[in-house]
Amino acid sequence: MEVSWALLANAIIAGLLLGGFYAAMSVGISISFGMLDVVNIAHPAFIILGSYIAYIVNDQFGFDPIVVSVVVSPLFFLLGMVLYRIYYLCFERRGQESLRGLAFFFGILFITEVALVLIFGVDYRMVSSRYGDVTWRLGEVGFPMRLVVPFLVSMVMVIGVQLFLTHTFFGRAVLAVAQDQLALRLMGVNPVRVKELAFAISIATAGVAGAFLIVIQPVQPAIGREFIGLVFAVCVLGGMGSILGTLLGAFVLGLAESFTSTFFGPSWAPAVSFGLLLATLAFRPSGLLGR
Amino acid sequence: MSNRVFAVVALAVALALAAVTQLIPNEYFFSAAYTVLLFVILATAWNILGGYTGYVNFGSAAFFAIGAYTTVFFYNAFKAPLPVGIVAGTLVAGLAGLGLGYLTLRLRGVFFAIASLALAVVLYIFIVNWDYVGGARGAYVLQPREIPFGLPRYIHLIYAVQLMMAAFALVVSRVIEKSTLGRGLAAIRDDELAAECSGVPTLKLKIFSTMMSCALMGMAGTTFPYYLSYIEPSSAFSLSYAVNSIAMPLIGGMMSWMGPLIGAVLLGTVQQLVQVTISSAWNLLIVGVLLVLFVTLAPNGIMGWVDAWRRRKGR
Amino acid sequence: MAEAMTAAMSAALLEVQGVSKRFGGFTALDGVDFMVRPGERVGLIGPNGSGKSTLVNCIVGTLRNEEGSIRFEGQDIGGDPAHKRIRRGLARSFQIPKPFASMSVLDNLCVPLLYAGRRHENLAPGRIAEEAMHILEQVGLGEKARAMSGGLTQVDMRKLELARAMAAKPKLLISDEAMAGLSASEVDDILALLSGLKGQGVAVIMIEHVMRAVMKFSERIAVLVAGRKIADGEPQAVVGNPEVVKAYLGE
Numbered sequence: 000m001e002v003s004w005a006l007l008a009n010a011i012i013a014g015l016l017l018g019g020f021y022a023a024m025s026v027g028i029s030i031s032f033g034m035l036d037v038v039n040i041a042h043p044a045f046i047i048l049g050s051y052i053a054y055i056v057n058d059q060f061g062f063d064p065i066v067v068s069v070v071v072s073p074l075f076f077l078l079g080m081v082l083y084r085i086y087y088l089c090f091e092r093r094g095q096e097s098l099r100g101l102a103f104f105f106g107i108l109f110i111t112e113v114a115l116v117l118i119f120g121v122d123y124r125m126v127s128s129r130y131g132d133v134t135w136r137l138g139e140v141g142f143p144m145r146l147v148v149p150f151l152v153s154m155v156m157v158i159g160v161q162l163f164l165t166h167t168f169f170g171r172a173v174l175a176v177a178q179d180q181l182a183l184r185l186m187g188v189n190p191v192r193v194k195e196l197a198f199a200i201s202i203a204t205a206g207v208a209g210a211f212l213i214v215i216q217p218v219q220p221a222i223g224r225e226f227i228g229l230v231f232a233v234c235v236l237g238g239m240g241s242i243l244g245t246l247l248g249a250f251v252l253g254l255a256e257s258f259t260s261t262f263f264g265p266s267w268a269p270a271v272s273f274g275l276l277l278a279t280l281a282f283r284p285s286g287l288l289g290r
Numbered sequence: 000m001s002n003r004v005f006a007v008v009a010l011a012v013a014l015a016l017a018a019v020t021q022l023i024p025n026e027y028f029f030s031a032a033y034t035v036l037l038f039v040i041l042a043t044a045w046n047i048l049g050g051y052t053g054y055v056n057f058g059s060a061a062f063f064a065i066g067a068y069t070t071v072f073f074y075n076a077f078k079a080p081l082p083v084g085i086v087a088g089t090l091v092a093g094l095a096g097l098g099l100g101y102l103t104l105r106l107r108g109v110f111f112a113i114a115s116l117a118l119a120v121v122l123y124i125f126i127v128n129w130d131y132v133g134g135a136r137g138a139y140v141l142q143p144r145e146i147p148f149g150l151p152r153y154i155h156l157i158y159a160v161q162l163m164m165a166a167f168a169l170v171v172s173r174v175i176e177k178s179t180l181g182r183g184l185a186a187i188r189d190d191e192l193a194a195e196c197s198g199v200p201t202l203k204l205k206i207f208s209t210m211m212s213c214a215l216m217g218m219a220g221t222t223f224p225y226y227l228s229y230i231e232p233s234s235a236f237s238l239s240y241a242v243n244s245i246a247m248p249l250i251g252g253m254m255s256w257m258g259p260l261i262g263a264v265l266l267g268t269v270q271q272l273v274q275v276t277i278s279s280a281w282n283l284l285i286v287g288v289l290l291v292l293f294v295t296l297a298p299n300g301i302m303g304w305v306d307a308w309r310r311r312k313g314r
Numbered sequence: 000m001a002e003a004m005t006a007a008m009s010a011a012l013l014e015v016q017g018v019s020k021r022f023g024g025f026t027a028l029d030g031v032d033f034m035v036r037p038g039e040r041v042g043l044i045g046p047n048g049s050g051k052s053t054l055v056n057c058i059v060g061t062l063r064n065e066e067g068s069i070r071f072e073g074q075d076i077g078g079d080p081a082h083k084r085i086r087r088g089l090a091r092s093f094q095i096p097k098p099f100a101s102m103s104v105l106d107n108l109c110v111p112l113l114y115a116g117r118r119h120e121n122l123a124p125g126r127i128a129e130e131a132m133h134i135l136e137q138v139g140l141g142e143k144a145r146a147m148s149g150g151l152t153q154v155d156m157r158k159l160e161l162a163r164a165m166a167a168k169p170k171l172l173i174s175d176e177a178m179a180g181l182s183a184s185e186v187d188d189i190l191a192l193l194s195g196l197k198g199q200g201v202a203v204i205m206i207e208h209v210m211r212a213v214m215k216f217s218e219r220i221a222v223l224v225a226g227r228k229i230a231d232g233e234p235q236a237v238v239g240n241p242e243v244v245k246a247y248l249g250e
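The listed protein sequences derive, respectively, from chains A, B and C. First residue of the first sequence? That's 0 in numbering that gives the first Met the number 0, and the numbers climb one at a time after it. First residue of the second sequence? That's 0 in numbering that gives the first Met the number 0, and the numbers climb one at a time after it. First residue of the third sequence? That's 0 in numbering that gives the first Met the number 0, and the numbers climb one at a time after it.
It is possible that some hints are incorrect.
Unchecked claim - Using 25 Å as the maximum straight-line C-alpha spacing, the simulated PhoX-like pairs for lysine-lysine come out as follows:
#1 Lys177/B <-> Lys97/C
#2 Lys312/B <-> Lys143/C
#3 Lys83/C <-> Lys177/B
Said to hold, decoys possible - If the Cβ cut is set under 7 Å, some of the chain A residues that face chain B in the computed set are:
#4 Cys89
#5 Leu98
#6 Leu117
#7 Leu277
What the hints contain is simulated information worked out from the structure, not anything from laboratory work. Glycine residues also receive a C-beta, built at the ideal position from the N, C-alpha and C atoms.
Next up, chain A with everything else stripped away, as it sits in the complex (with noise of 0.2 Å):
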């Protein structure tokens, strides 16, 4: 196969421009899996549902998706919490949440995705909006609208998220929970507290996230499955609990989704994000910046 310098170049921003939305995907499973130590395999369920509500309200009075999941962002949040809630009571003060409340987490995975099936089937959805089909040429390199709109505003979700946990009270006791939960104590935070409102937020971000996907492609609901290897492989990637990590963990899979899907087809791409995750935990379970 003849490699273009226009393919290659085309495939490299397409999966910069993937990568940052990757990011803004995987920075709740960061926070949950990777500081709070909560394994939320029904993630992806969540980013699916925002995607819906985005869908619905879109089709409904034709709004932005991305302005209608920001304004949405607080049901996401509550969800959040009385999700943790559930979990915190049923299994992790019972310390049964490695086997059972992995498989709660299962279920509702499970049942979000089948409740989206019986209200609007497997037709894959759409969203209309003023930039869909707009692209900018330079050159012969194009800069799709529909990634670079979700890219740009992923960033800003990202870099906010991080700004916060290391600049604020309540993300520096979050920033704790992972590592030390005594010092949270004493200094009179309670751990469970500070854990439910992180699980919130990071829930609210699958939420947001859920709209920048539908903005870059139709959306279905048995996708959300195929994006929990993409989650945790990024979240492995880069580290647990790093949220810069986190970040480069998704460049890295959005560049190896890209170059797949642009030299061997797109049927292979999916199996890029598992696949790496396979080989991460294989071989360098610490992640790309591990020790």
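Given chain A's structure and the hints, the job is docking chains B and C onto it.
Okay, now just chains B and C, sitting in the frame of chain A:
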């Protein structure tokens, strides 16, 4: 009951069931019963690792599909008969489990769970892109025209074979549960560090139980291509297998061999009824809701209730 | 002199030489030498965070030391995983009890008996439960043999920890703060239990903050401070050692 007696009883019951039910005139019974038995094997197999050892495998569908596609491969390559497919599929799935376990069981249990999920997707995409076994279009596996034992249709045979394999899986599960190995696995489930410090070779035992569990899952899949004489990736990798093989032991009870059996028979039968009367999507919703309800409200499942009731009576 | 040294060395049951362990930039153990003779009762003391538990973990194999060697009965066991070391005749109890919560108290003991203890005493499989019961009676848990281990009281959990370690039929038992938070009479119970092991020829390392118990129990005391051993010898001499006094009073 000693292991040997149990094995004889289990196989005798399976044989008797197979013989008696041949008289049922309704064709649909066999295909429904085949599916329920398939779930009995999957749930029993999952429980060896999940229930006994405490490691969650989300990739049941992958190992099931490995069994199924190994049969297809041997059928395509050598026109191999079903027994060859059964043995080969079981072995290949066991080896895949061994490999996955070897690579990821050194890490925290969560990573094994995620890796098993990843394996399912990677294998799915691999099969979709592998034309020799049919790729995305699927493959045909012709049922032999000659049916042994004077059975009227091939589904009768497949059903009887599945019955035997279910009995076999239950025997294996029970032997493991009652053995020294079973105690070691339970110790790992309760506290892995304490188990290692009690002389239990935790890594070796985990890998072994993963291998056994995955091999049995593969075995469940080996008859599947013959069942409809057609197989395609999305049916072999159906999410239903992954969910049911977790939900059934959780609902039945994970501490003994009997829990998955009860869970699979109950849930499997309910699903067959719902499938006929309503739709398969509702089916999956019911399983999902039951899974979440049981895991939050009745973490020890139906057998947990039975044990509690026994204890109360004993007092 | 040199001959006497080698004789002493070969007589050692456990021999720890120059063991170091780091966690990131933090040095938990810094070139620790330590030894235990067969049947000896050794107290291991030191302030919180001085590396006592890390040393135990390195000896038992739940952590790997980066430097130094660990020999048991003259053989280098540094490369063995924990379960192999247990099978050789080491055993430990945990500071925070870790019962096999889904099992009865009796079954908790069957695990080490089946996987380790059986090898030393050639127990027939049929006699495992009997032996477990025997050990439970020794520690005073005989009546609770059928109870679920998850529901035991704190004292009973500590006793179960020790019983489970004993069930591995060790030549050296390491008791990691088995008495913290117990009442005086409960401390005496556990002390009696550990002292009884001497009669069976089992060496014991007792890690403890309860000084009364350590003084009463130990034939020798070693002191760890900030990952280094600062004293090792007769209990009275060690307690009188100005460096030890400083380390404790300075805390």
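Status of each hint after checking the structure:
no. : hint                  : in the structure
1   : Lys177/B <-> Lys97/C  : holds (23 Å)
2   : Lys312/B <-> Lys143/C : holds (20 Å)
3   : Lys83/C <-> Lys177/B  : holds (24 Å)
4   : Cys89                 : holds (5 Å)
5   : Leu98                 : holds (5 Å)
6   : Leu117                : holds (5 Å)
7   : Leu277                : holds (5 Å)
Hint compliance for this structure: every hint is met.
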